[in-house]
Amino acid sequence: MNMVLQQIINGISIGAVYALISVGYSLVYSILKFSNFAHGGVMMLGSYFGLLGLQYLGLPFPLAMALAIVGSGLLAVLNERVAYRPIRNRNSPLLYLLISSLGVSIFFENFTIVTIGPNFRTYPPVLPTDSLMFGGLSVGRLDIIIFVMAAVTLSLLTWLVYGTKIGNAIRATSYNMRVSRLMGINPDMIVALVFFLAGASAGLGGVLFGIKYTVWPQMGILTLKAFIAAVVGGLGSLPGAVVGALLLGTAETFAAAFVSSAFRDLFSFALMILIILVRPAGLFGKITEEKA
Amino acid sequence: MTVLELDAVSKRFGGVVAVDGFSHRLEEGGLYAVIGPNGAGKTTIFNLITGIYQPTSGSIRFRGEDITGLPPFKIAQKGIARTFQNIRLFSHSSVLDNVRTACFRSSSYSILEGLFPTPRRFREERMLREKTLNLLEMVSLADRAEEKARNLPYGYQRRIEIARALAQEPKLLLLDEPAAGMNPDETRQLMDFIEHIHKTFKLTILLIEHHMELVMGLSQHIVVLDFGKTLASGTAEEIQSNPAVIEAYLGSGEEV
Chain A
542 MNMVLQQIIN
552 GISIGAVYAL
562 ISVGYSLVYS
572 ILKFSNFAHG
582 GVMMLGSYFG
592 LLGLQYLGLP
602 FPLAMALAIV
612 GSGLLAVLNE
622 RVAYRPIRNR
632 NSPLLYLLIS
642 SLGVSIFFEN
652 FTIVTIGPNF
662 RTYPPVLPTD
672 SLMFGGLSVG
682 RLDIIIFVMA
692 AVTLSLLTWL
702 VYGTKIGNAI
712 RATSYNMRVS
722 RLMGINPDMI
732 VALVFFLAGA
742 SAGLGGVLFG
752 IKYTVWPQMG
762 ILTLKAFIAA
772 VVGGLGSLPG
782 AVVGALLLGT
792 AETFAAAFVS
802 SAFRDLFSFA
812 LMILIILVRP
822 AGLFGKITEE
832 KA
Chain B
1312 MTVLELDAVS
1322 KRFGGVVAVD
1332 GFSHRLEEGG
1342 LYAVIGPNGA
1352 GKTTIFNLIT
1362 GIYQPTSGSI
1372 RFRGEDITGL
1382 PPFKIAQKGI
1392 ARTFQNIRLF
1402 SHSSVLDNVR
1412 TACFRSSSYS
1422 ILEGLFPTPR
1432 RFREERMLRE
1442 KTLNLLEMVS
1452 LADRAEEKAR
1462 NLPYGYQRRI
1472 EIARALAQEP
1482 KLLLLDEPAA
1492 GMNPDETRQL
1502 MDFIEHIHKT
1512 FKLTILLIEH
1522 HMELVMGLSQ
1532 HIVVLDFGKT
1542 LASGTAEEIQ
1552 SNPAVIEAYL
1562 GSGEEV
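Chains as they are written, first to last, in the working numbering: chain A, 542 to 833; chain B, 1312 to 1567.
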């Protein structure tokens, strides 16, 4: 029993990091209706920004974290500005945005290899790695800190989207950009804001992931898992992205603990495929979008 | 004061001339109507005024300022709001959220404050909610505020659209066939309602309508369009007795 609880806690901790990344996929999808595959590159560079702040600029951890969050947020805005907006303005098919995002993703990866180098790097020990005992459970303090940081960020983000006038404007734009602009809402401003929020949370995810594991130029590929989590949750839905990510994190740790760590991805992805087969629109997705 | 001035505005789509040298002037506080057969270019004029289309030639001035070529959101911010012929609500959102979205600009807290629970944010969100509920009260929909917009009957959805347009605190309100799909009872109610908001908000209103009773009963000034061109312009009596209009549009003396 303790073993099961233990795995749930581990699963939620890594799932919370996935959630930080998958909400970015969902946010961007909800506004522009395409899957932004450059998101993984933004997360990877966010992780490097944090490392840069800590190791080369000698910043204290909170400042390095802020650098990573703001840096990757701005990077995502720049990415949209350079690689997507010109396509949007020409009303080209959405497929072009997808292709452009794949290109940007390859660019980010190779840019990092050329400028920073291809090797794995590790974060200095900024957060405690010992374990706390709760009854018979040993919980890594790092896991708790990661979970709390992710949970606070996700709560702020959810509140912004569902409880403020800004979120109202974001949701109106996601329903119908052509109508929302007639309400005086600047669509480009909303798109930039959404990319900033997506990039910033991916940056935080990247730092947390880097602290728990390592940092390397291809780590963006990991966000494929976050993407799948977003799809399972229902692409475009914020709560869906979080639930999907927590589910994936838990499935993964369970598979690793009770089956074999070699089969971890096989099992967790099989579960995801199963869910999508049963509910094609995802757990929180709308089956069909009514045409206005 | 002149609220809106269209000066020789034309719009071509390829070879089709949808609007051909349309000129008109709306004075503050007036209630104007544009009528004409389907395809006469009425909705195109609305799309030109709101910036959805750019005119091929001509200019549009709003309260003395040239707004030709401005993006739609800027024109909306300057104080022109509209409703649509085919209702365009955020149909999966609640009635409240639909109208609240249009209040966006009456609160001034920043995006950064949106992320963090500051007292000002709470205060302003409460204010926005109040304002929205007041507007819904006015269109008698306050008790349906939490329902999804698409679940309401058609006539109610129109009222949501009008409330949403009013939430922008416009100087000029454009109503595109507000009575479309309404029965005579609903139409009469709508007429009273338009008259009411016209007086209460001291609005300038420009409406497109096929429903002659509504047009003749409400408007101080009517423009008749045909094939993108102005056929006639004047008061209800002048229009009703204009031979060109009778021939082209109203038919021979019978009400349409």
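These aren't lab readings, by the way, just hints derived from the structure by calculation. We treat Cβ as the ideally placed atom computed from N, Cα and C, and that holds for glycine. Be aware that one or more of the hints could be misleading.
Claimed, not checked - If the Cβ cut is set under 10 angstroms, some of the chain A residues that face chain B in the computed set are:
1. 701
2. 706
3. 710
Claimed, not checked - Here are the simulated DSS-like cross-link-like pairs (lysine-lysine), alpha carbons at most 27 angstroms apart as the crow flies:
4. B:1540 / B:1459
5. B:1513 / B:1389
6. B:1510 / B:1459
7. A:574 / B:1385
8. A:574 / B:1442
9. B:1442 / B:1510
Results for each hint:
1. Given hint, residue 701 of chain A at the interface with chain B, holds; its Cβ is 5 angstroms from that chain's nearest Cβ, closer than 10 angstroms.
2. Of the supplied interface hints, the one on residue 706 of chain A holds, with its beta-carbon coming within about 5 angstroms of a beta-carbon of chain B, less than 10 angstroms.
3. With 10 angstroms as the threshold, the beta carbon of residue 710 of chain A comes within range of chain B, its nearest partner Cβ sitting at about 5 angstroms, so the hint holds.
4. Restraint check: the Cα-Cα separation between residue 1540 of chain B and residue 1459 of chain B comes to about 41 angstroms, which exceeds 27 angstroms; the hinted pair is violated.
5. A C-alpha spacing of about 16 angstroms is found between residue 1513 of chain B and residue 1389 of chain B, which places the hinted pair at or below 27 angstroms, so the restraint holds.
6. Taken as a hint, the residue 1510 of chain B and residue 1459 of chain B pair is broken in the structure, with Cα atoms around 30 angstroms apart against an allowance of 27 angstroms.
7. Our distance criterion of 27 angstroms between C-alpha atoms is met by residue 574 of chain A and residue 1385 of chain B, whose separation comes to about 24 angstroms.
8. Proposed proximity of residue 574 of chain A and residue 1442 of chain B is contradicted: the alpha carbons are some 32 angstroms apart, above 27 angstroms.
9. A C-alpha spacing of about 19 angstroms is found between residue 1442 of chain B and residue 1510 of chain B, which places the hinted pair at or below 27 angstroms, so the restraint holds.
When the structure is compared with the earlier hints, violations turn up for hints 4, 6 and 8 and for no others.
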